[in-house]
Structure formats: structure tokens, C-alpha cells
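Guided by the hints, dock chain B onto chain A, whose structure is given.
Chain by chain, the residues run as shown.
Number of protein chains: 2
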Amino acid sequence: MSIKIGIIGYGNLGRGVEIAAKAAPDMELAAVFTRRDPKSVAILSADVPVVSVDEVEQWKDRIDVMIVCGGSATDLPVQTPKYASMFNVIDSFDTHARIPEHFANVDAAAKAGEHVAVISCGWDPGMFSLMRVYANAVLPDGQDYTFWGKGVSQGHSDAIRRIPGVKNAKQYTIPVPAALEAVRSGANPALTTRQKHTRECFVVLEEGADAAWVEQKIKTMPNYFADYDTTVHFISEEELLTNHSGMAHGGFVIRSGATGVNKEHKHIIEYSLKLDSNPEFTTSVLVACARAAQRMWEEGQRGCKTILDIPPAYLSEKSGEELRAHLL
Amino acid sequence: MSIKIGIIGYGNLGRGVEIAAKAAPDMELAAVFTRRDPKSVAILSADVPVVSVDEVEQWKDRIDVMIVCGGSATDLPVQTPKYASMFNVIDSFDTHARIPEHFANVDAAAKAGEHVAVISCGWDPGMFSLMRVYANAVLPDGQDYTFWGKGVSQGHSDAIRRIPGVKNAKQYTIPVPAALEAVRSGANPALTTRQKHTRECFVVLEEGADAAWVEQKIKTMPNYFADYDTTVHFISEEELLTNHSGMAHGGFVIRSGATGVNKEHKHIIEYSLKLDSNPEFTTSVLVACARAAQRMWEEGQRGCKTILDIPPAYLSEKSGEELRAHLL
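Chains as they are written, first to last, in the numbering used here: chain A, 1 to 328; chain B, 1 to 328.
Same shape as in the complex, but just chain A (with noise of 0.2 Å):
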């Protein structure tokens, strides 16, 4: 009996979850909504029906979890908590500060419908949140590193795109060798946010903008780049489509710590990831989440969850004995 998926949204997240519940060999693809004319998105499988987000009341009793692939600034804090009281959801919402305020409106949701949600689900939050609760249980006395990079940020690149005169932008956050080094020693340094990363931008000027300037409004814009040692590549448009509209990311999570009775001993556990497509590994990491989901719907759990709260067996499609066999 196949897990029934839904997709709310089709974008780069909603195409990669098509791509990976259809790969998944327990689940199956039933819908997939959409804000737009239904006839205007081409989804990549054929079998599958597109339909307005307006009908989606009418499959409640077709659909076991709705993944919903919003944007978390705007469209996750009002979806996620909506589709809640109808369907299991899960969301990649990634507003770090705003995690509490989120998981409580959903929270009270999925209760209200008896649904269970996953929230922030994806590698950061995510894998990387597994990897920090893992590392600070076992090691208790110890410092956390996360690095982000090399990959795109949006945000960065956004906010360049704001600037006037600016046509186009890719911003490439990059962490800083040494700083890696330096973690990965067990100095447990204090590093400032310089020190940990650098910021690279490829920029796409309007016609008669003014470089030196654009540079300088990048170089000082507060809290997304004053802080940092940054680079400013003026490029043209073609090679900015050629050369930088992958979609590459990655990181490092690395936590230092002490055991001993004088703390003699020190321990590097390292979690590092490098991944071709951000959005597909995202998509990859919420379609398993899906799966568990749908287990702790059945055994009777309701509210809220993160990935925190799953037991990892729930993520796979094997069994226990298998996964006693052969991976544990």
C-alpha cells in the first residue's frame, strides 16, 4: 500500500519531490496544486493530475501527506498551518529565529484536524539540525562550528539585486580554509562571522551604472556583507547564465568536545555535505520525512514534529530487520 503524496506549489522544490516520491518504491504520486492556471503548469509526469490549490479541500481522502513547497518569508507561515487542519503536511520552513513561533501556529493546526506535521525539514534546518542534537548529546562538554558553503545564497544575491543599477546577481557564500582548519584541530577558536566566511558576487550592471559605486553599496550593506570580506565581480549577463546559474551547496557542521577526567581527551566529529542541486537534496530530505510522517499519523501521534522528534528507522523504506542486518 503505497504512501499518496501530494505537492502544494510547483517550483524547484515542488518539481524536486516529484522526481523523488516517484523514485520512492512506497509511494505514489496523486497531485499536484498549484496557485497558477492548472493548464499553464507542465509538471514532468504525465500520470499526474495538476489542479487548483482551490480544490484542494476536496482531496482529503485522496492524499495521505501534502508536501508543501512555499517560501518560508511569506507563503509557509499561512500554508503550512492551513493545509495542517486537512492534510499530514511536511515544509522545509528555514526562518531559523521564527522556528518556535511556526511550530506552535502549526502545531495547534494539525491538533485541531488530527494531523501530524513535520516542519523545517531539508539539511539546514535539517540534517545539520540532526547532526548538532547528535553531537551535543554525546559530547556535552564541547563548542559547535557550522559552515556554510561553497553555494548560492538567495537572500545575498536579492539584496544585490535590489541595488539600483544592478540587472543581475549571484552571491556565493564560501567558508574560509583556515577557520575550517583551525575547528578541525581542536583549538575550539572564537571566530567572527570574517572568519568564518567570505562572500563572493558575480554582478550584472544596467547600462551606464556605475561600478565603483554598486561595489562600494554592496561592501557596506549592514548585516548581509559589512561583516564579511567580500569580492565584487562585475560579469556579463551571458556569462552569468552560463557560468554561475547552478545550484550547488553544501556544509559543515563540526563539533569539538572533551571526555576525561581532566578533559584529556578530545573528540572532532565532522557532518559535511556537497550537493550538486540544493533545491533536489532539500526535496529528498522532505520526501522521507514524508514517510515518517505518515507512520506516526498511523500509530496515533498528532501536532507538530521535527525531524528531532522522528526515530530515524521511520525515514527508510526498509524494515527494522533489514536495517538491523544490513545498517546498523
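Calculated from the structure, these hints are not laboratory results. Among the hints, erroneous ones may be present.
The list cannot tell twin chains apart, which means a pair is met if one copy fits it or any two copies do.
To be verified - EDC-like mimics (lysine to aspartate or glutamate), calculated; alpha carbons at most 20 Å apart, straight line: (1) Lys274 with Asp141; (2) Lys150 with Glu181; (3) Lys217 with Asp227; (4) Lys274 with Glu181; (5) Lys111 with Glu321; (6) Lys219 with Glu317; (7) Lys263 with Glu207; (8) Lys82 with Glu55; (9) Lys167 with Glu239; (10) Lys60 with Asp276; (11) Lys219 with Asp229; (12) Lys217 with Asp75.
In this text the structure is predicted, and so the values were computed from the model without any measurement.
Positioned in the frame of chain A, the structure of chain B alone reads:
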């Protein structure tokens, strides 16, 4: 209300549990049980009783979770089921091939005694198992690689010590850097045993022993050394004790997978451990699992579990709210 911890067996593991349990803010070390004369066992904690294991049953109401610190070859297959009938128990059973059988025996005993048992806690099995399961769930299309070392293999050191003419020996398992790099490149190489690890032996000879004969014996030993590139160094007992009595270990779990319509996007997930003290890191995991066992028991779960069945949040002494606010 502290979790009351008991320890059965006081060697390197028992001592590691003692250190970790005493450091945990939510735990209390209740007693250490030994097969030896309790008066002959000096533990670190002056305030904790050392008790004969024959009296263990009298402690049923004074211990929440018993951590069984025996060896996997002969101790744990007998001890863990025995004590699971009296207590919630944790062990570090690490004979991968015999886990299904051990699980079944412990499960029956724990269910009969209405307790929770968590077996095979540590780093492999343990943290490495978690990484394999998560990485497989998220990247179902891919390949797993596990490398161990650099670190001392007890089994291989023992095998050398059984050769006539050998007085003492230590054997290091070392991952081959070129193999690690090939895996990290995403090439999904098929690696032979010889290509993955080398073995380096430090051997102290009995007086008059034939070094060339011993070296030949080591290098051709089936299963242990014949399939590896092995280096043998003959050193003095003093040098062995001075330079080779550490208990450092570690290793790497890597999954190399692909997503996309045509599997065109490659992803590398890598987890690594660099441990100054193999037994102290192992026992840090055991103690975190003891916390989870108590929670699972309190919510009514019974029987045998592994770390794959434990919601990650249960391993932490922090609340769900704290974890979501700070580590998610």
C-alpha cells in the same frame, strides 16, 4: 529527578560510563557491579558503592538504567538478556553479523521483564549506523562507504600476540587516502579490501625469536592480514608502551548518491570521527542512550531497541523547546 545509572563491569568501558554519567546534569551514578572482589576494585567516585554482581537483583528498585560493560564475544550475549529481565539496559554489542540473534534474545527477555533494552550503542555500530540509515533514506540511489581508522584494532593486535615468539603487539588500521579521495570525488569506485585500508603492526619479540618468520606469519594470516598491504615494525617493549598505548580511533562514513530526472546531480554526504579515546567516546554514546531508554520506558515502550529507533531529541537532556530554539 535524576536518572539512576548502574554499571556492570569496570574496565575501560565501565570507567568511561562512570565519567560520563557523573558529568551529566540529569544523572546519578547509583552503583558499580563487579564479578571481582568489590574491595579490589578502585573506582574514581568515592561516593559510589562497588557491589558484587551476585547482589544485583537487590538493586531492582534503586536503578533506572543498567549499562552493561562487557565484551561482545562472550559476555554480552549472556549478560544483556539476563539483566534486561531485571532492569532497563544498555549495551555496546558490536559483532555486526550476530546483531539479529542478539536483538531477538534481548527483546524476549526485556518484554518478559517489562523493560527497555538498547543494544549496539557506540560509534560502529552506533553513530556510524545512524549516518548510514539517514544517508540511505535521503539518497536512495547511491553507494555506501565506511572507512575505519587510524586506530588500534584489538582483534588484530590479539591475533599477532598469539603468534609464537611475539611478546606484545599493537596493530593500526589505516584508511588509504587515495581511496577516500576517489569516494569523495563522486566516482563511486568499486574498492577491494586491499584498496580501502592498510595495516601497520608494531611488534615486540620474545628473546631469540625469528623476526623474518614472525613477519611472514603476520603478513600471510588469512582474514586478518593476507588481503591487506601490511607493514611490520619490530620495536622494544619500552617503545611500545611509550608510543603505542593510546586508544585513539575514528573513521569515515560516506554516501555518494544522485538525484534528478537523469540522475544528473551528484551529492556527497560525509561523516567522520577523530577520537582521542575510543572507549570514552563509546561510553558517551551509551550514556546518552541510557537517557533515551528511560524516556521510552516512561512512555510505555518495552522490548529491545537500537539507536535507529530512538527519536534524536530523547538523547539530549535539553527540552524540545530548547532544541527547536537553539539547535534546529
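Going through the earlier hints one by one, which of them does the structure break, listed in rising order?
6, 7, 10, 12
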